[in-house]
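Enquirer: Chains as they are written, first to last, in the numbering used here: chain A, 5 to 405; chain B, 1257 to 1549.
Hints listed in this document are in silico derivations from the structure and should not be mistaken for laboratory results. All values reported here derive from a predicted model rather than from experimental measurement. From the three backbone atoms N, C-alpha and C, an ideal C-beta is built for every residue, glycine too. Check each hint, because a few of them may be wrong.
Looking from chain A toward chain B, a few residues come up when the C-beta cut is under 7 Å (computed) [to be verified]:
# : residue
1 : E87
2 : A229
3 : D233
4 : T235
5 : S256
6 : A271
7 : G284
8 : V285
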Amino acid sequence: MRTTTTHLRASGARRHRLVVAALLAGTLGLTAGCAKESGSASGASGGAGAPKIGVIVAETGPLAGSGRSFYYGAQIAAKQINEQDLVPGQKVELVSKEGSEDPAKTAGVAAQLAADKSVVAMACCILSPVAGAVIPVAKAQKLPVLLWGATQLGLAEPPYVLRTTTMPQPANEVVARDVAKATGVKSVAYSVMTDNAGIVSQGEAFKKGLDEAGVQDLGQVGTLAKQTDFTSAAASLMQKKPDAIVVTATSSEAVGMIAALHDKGYAGQIITGETVLGDGVFKSQPDALDKVPFPVYYLADEANERGKKFAADYQAAHGSNPDDFAAQGFNAIYTIAQGLKAAGANPTRESLTTALNGLTSLDDTIYGNVTFSGGQMDASSSVKIVSYTKPDGAVATWSAP
Amino acid sequence: MLFVEQLVNGICIGAVYALFAVGFGIVFSTMQILNLAQGVYATYGALLTYFAITKAGLPYWPACVLGVLGAGLVAVFVDQVAFQPLRRRGVQLLGAVIASIALWIGLREVMSIATDDTPVGFPPGSAPRGLLEVGGVSVLHTQLVALVCSAVVITAVYVLLHRTNVGSAIRAVGHDKRSAEIAGISPRAMIVGAAMLSGMVTGLAGILLANGQSFGAHLGDALLLQGFAAVVIGGFHDVRGSALGGLLIGVVQTLSAAYISTTYQDAITFGLVLVVLLWRPTGLLSSANLARA
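All chains should be built: construct the whole structure from the sequences, respecting the hints.
Expert: Quick look at the structure:
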């Protein structure tokens, strides 16, 4: 009897293990089947000997929405560079690695790209801490890296660390000044994410613009990166009775703050930064984001010829107009291509580094004319003030209510 | 008036933390497991509700019911896949914690893929959105919903656990599994029931937190620390303690951010956890464990 009972128990346990294993295998299979591949070459494939550009992308993780935009823009750039033979006699090839905007992971894949001697340049990094993790790798391996999104001041370190990020700080000054002038606001309060240095500097730029416009500063309320409830911060801001509130935070947090102000019935002018751009952001809170002005450097409908071609190819590939993040991805690869062109045949890391550091301006970018100084690109002449519009969240030129 | 409004804000977010803490505490008191995948139940509750509204076209409240049930089933899945095999082998706390981390990451990635890692929000007109002015204090409808739902559910959970035979059986299994088994209680059934209850309660916390927000696959991560701290403050074995701990954390966090410093609000909140641990290691309302021969 005992033996039978033991045998029955063993069978039951085995059956349970099989069920658990099947459930686990199903879950893992679903995840693996849907997961994006990393490390695969994408964008244009240039063939043997083609100069390779490593791109560290963020198609997964909290910044995947904007991360994808950057990557798609880079892919379109590589495609157009090869089609138009912008680097005479050479076809560029993108080698992508998934970094998920995680500093440790990104540093690891940067090291992998740096170890591949056929990679002559890298482009990466939306977040400043992630850029900070890549910079030592780039400098140690003498591999030029173009930062395409990180916004903290002072990140560019020539000759190996250059930045084509369209810096939000100059854009924020412009939008602050122009919105104040257009709406006649007399007082402002600020919501600033205080535990992100890049965001803090963006907030300071807004302050500078509004100070120049003669708007009274009523003070600041701080928020945090991991915050999920903004009702308290909204109450503190509204209690100051400002004509305008400037919201400076990363994407979800900025949207959460704007939504809290909207729900609390704030009727004044809200101004925010470019971080509210991205896939799905408008749809998550359409009522709150409608007509809130923010700056961009690139707007497809008002772009030059190169910008319109970029938009057309992007629309064909992805079914929507490229946003500012896609434009930055495009421009980073375009800039590297200009460096490759200047470096001549058989570019090496050294010759490309020299060529990139020799760039002082580029005339025909999607932003029009841009200049370079101290490793940093300046495109501030192309800043536009835009807002989302209902019902579909199209980004259009903002006009005062 | 601003102070009163901030107090109300603190109580309302504290109600969500309290709900989460109750779910967290049910798992710990029944299974003696520190379940780091608990936050995922909140995420699943919110996102399943979102999908029920946007893909199945359900109205908000039926979608919430679906979201809550779905979160409960996810909790049962986690228990049976991760914790049950470990229980069978007699593996203790550390093994369960590691297993819960693996499930946390895996389940969160599933939702990242399902949402394409883009933020979502309950569509306009679906979830209650509005403002109530009471004596100069403005309270959002979402806050009222959170307060009322939390109060009702926590009371119901307390009654279930302390006034019904099923609840007594669950607590008996949590106290001494072997003795409960001898008394004719099925420990496995009670543990599955507790997992389901824990998942449902936590899923509801996720839905209430997601109201009025832009959220994604990382929603529940934000609740994990607060929920754990609430359970530590209130006591692991008492629903009322977990609820009180959650409320206290919500109020302390909100008032310290509003009147002291946003930068140090977490330091202040978790400093409070430390003080409570030093003063009453078993928590504010935890009763002493009785050991019977």
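Enquirer: Against this structure, judge whether each hint is valid.
Expert: Checked hints:
{"no.": "1", "hint": "E87", "in the structure": "29 Å, violated"}
{"no.": "2", "hint": "A229", "in the structure": "10 Å, violated"}
{"no.": "3", "hint": "D233", "in the structure": "5 Å, holds"}
{"no.": "4", "hint": "T235", "in the structure": "5 Å, holds"}
{"no.": "5", "hint": "S256", "in the structure": "5 Å, holds"}
{"no.": "6", "hint": "A271", "in the structure": "12 Å, violated"}
{"no.": "7", "hint": "G284", "in the structure": "3 Å, holds"}
{"no.": "8", "hint": "V285", "in the structure": "6 Å, holds"}
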